[in-house]
Amino acid sequence: MGRPVRAETIVLGLCVALVAIAGLAPIAVMGFESVWHDGHFSLDHYRELISSARFWPLFGNSIQLALATTTVCGLIGVPAGILFAKSDLSLRSGFMWLLTVPLVLPPYFVALGWARVVARIGTIASDWLFGFGGCVLVLSSVFLPITMLLTFASILNVDRRLEEAARLVSGWPGVLRRVTLPLSAPGIVFSLVLVFLLAMGELSVPSFLRYPTLPVLSFTQFAASYNFGAATAAAVPLAAIAFVGVLVESAFLRDRDYTFRSTGQTLFISLRHWKSPLAALMAALCFALVILPLSALFADAFSPAAMHEAMQRAGASVVRSVMYSAVAATILMALGFLLGHFMRGGRQRVLSAFTLALFAIPGTVLSIGLVRLWNTPGTWFIYATPALLILGYTAQYCAVTTRLSLAGLMLIPTSLDEAGRLGGAMWARRLFRISIPLSTRTLVCSWLAAYILCLRDVPIALMTAPPGGDPLPARILTLMANGAPPMIASLCLIMAIASLIPLVILARVIPSRGITA
Amino acid sequence: MSYIDVDRVSKSFGERVAINELSLHIERSERLVLFGPSGCGKTTVLRLLAGLEVPEQGSIRIDGRLLASAGKNLVPPEKRDLGMVFQDLALWPHMTVQQNLMFGLNARRVPKREAHVRVREMLHRVGLEHRIDAKPHELSGGEQQRVALARALVTRPSILLMDEPLSSLDDERKRTIASDLLDLQSQLGFTLIYVTHDRTETDLLASRVCQMRDGRVA
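Read top to bottom, the protein sequences are chains A and B.
Adding 8 to a residue's 1-based position in the first sequence gives its number in this note's numbering.
Adding 4 to a residue's 1-based position in the second sequence gives its number in this note's numbering.
Simulated from the structure, these hints should not be mistaken for lab results.
It is possible that some hints are incorrect.
[To be verified] Incomplete in silico selection of chain A near chain B, CB under 10 Å: (1) A174; (2) L176; (3) S178.
Each residue gets a CB set at the ideal place from its N, CA and C atoms; glycine is no exception.
With the sequences and hints as input, model every part of the structure.
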């Protein structure tokens, strides 16, 4: 008699199958499509793409934009993360949450805000905004929270004993340079790789600010020319770069995956006479990157007429956005928790790298693959329904909920599960009676993060939503072409409120840092 | 006046009083063992001496120099000329044994050549010269203890604080390391303040025992 299949194996199989259907299959189909021409293998699409006059300049633009954005985010986000995690800076929580706001909104909101600002200044500012400089400014505002928050989290995670041991022989600059930052390096490097890949794959901002990049080309080939082969060929370099980025990050992390024995409270740096100047600098940064563009965007949003028109033209999209995001967040929370559970103790590394690559792959690339895979008469029940959109969200964001769940699960001593096992409890019972009850906060955080990410998503919403069923970010983008600015502003405000409510809840759920002198 | 004077020092963590008007006087080159049950405030005394905690009341002086007084640390930890071995050793996992030892010497701007000589010499003393390029996770428990001891002593501090560093070892290992520690102390002449709740360690190391209970000397 064969060995009985365990429930754990079946659930792992189902989770892997879901990730494969949502992410692996579309990418594989897309890769196949790009080398299959008129019924036989051909590299024609690539030849055309590479030999076309447009490809290399667009590729160069994408790389340049990603590098510049990563540099700005590194230069501002890392010091800001250190300050918020380790110093007695006044109003640090307020600054941190304020700087996080652009990340939870669709990226083009900040661009739209800046467009309103420069419209009041004049042509020179407008010329600057609609180009490389404007794209770097907007994408840096949007992705800065990634480096800031991951630096913050990594630094808080460093075992305070290691810093104390260093403090006995060195001042704070030496401790930060030789102990705190090297031990936080995996998180910081991960954040920079992520910013690079996200900036490289960003569609809505370069497209709105008229800066030609590879994702814009890929989207145009797909949406305007209906040339799937050319669109996939343009998308494959982006997917390849995402995979290389994940490999680089994994290679860097090898042997640097430190586990700390005691965490939770951090030593803090007293800024003394630097306290006020640094607080003023942070206030200026918050004003320039967040308050100025968003207040310009929302300035016209409050008129009753604009609000009425907004609800008339996009009220259904608001409901759909919230509904789709809530469903996807629930699936992502469950999938992420289960995958996190399986990945505990460094298991399933390939699966972990693959989900991360799916997160790093531009939404345009993933969407093209999804459409290509499911746009058949036999799979109409997926293609013509919100299921395709939900699959897209699942593939793109499962790495986030998986990593969040994993981080939460690592805090639960393995002995608790082992004690349950010795008591005779099977895997499912231990999961439901031990792991889940101890992870309530993790699950809430995971759901909220997934909800925010799905709600703010543009490319997947734009390319995979069923006909007449577009979510709000896609609807706003469509209406921007011919809608009145106050009505657009009202829609942006509604969208911002829908995104910020979970952020406020998240701020209350995530514990503040513990600090001791 | 003694070499180390702790005068009516108090320290609380929230509602919990860890140290309650504690006074302690320690002579140069003494081997004082702070002995007592868990939670009696032994570790807090070490952390206050090291400058890692701020006393709410009272004062701390070393060699006549006022280090902390009435809610303020006047001298930062790195300027107190002391070494510490933590309970969990706190070896920096991203550094080799050599880098762990070099850190303090570099921070004190000891010339490179001299620093290398001192690292070699200290590792020779603790019998770990051959493990100079190993990372902490590649060492056995006993070797990690020795590296932590070497790191604390390589800067030649005048005071060594030890926070139950041997608690996880068996009796035989404890005896070996305690004997090495006594040798080092007689060679280098530092003042040793050792925290433990273990009678064996106390018997092995103490020239004087200070029994603690509820944040006070009993």
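Checked hints:
For A174 (chain A), the interface hint holds, the least distance from its beta-carbon to any beta-carbon of chain B being 7 Å, beneath 10 Å. Below 10 Å, beta-carbon pairs count as interface contacts, and L176 (chain A) has one with chain B at about 5 Å; its hint therefore holds. The interface hint given for S178 (chain A) is met, as the beta carbon of that residue sits about 4 Å from the closest beta carbon of chain B, less than 10 Å.
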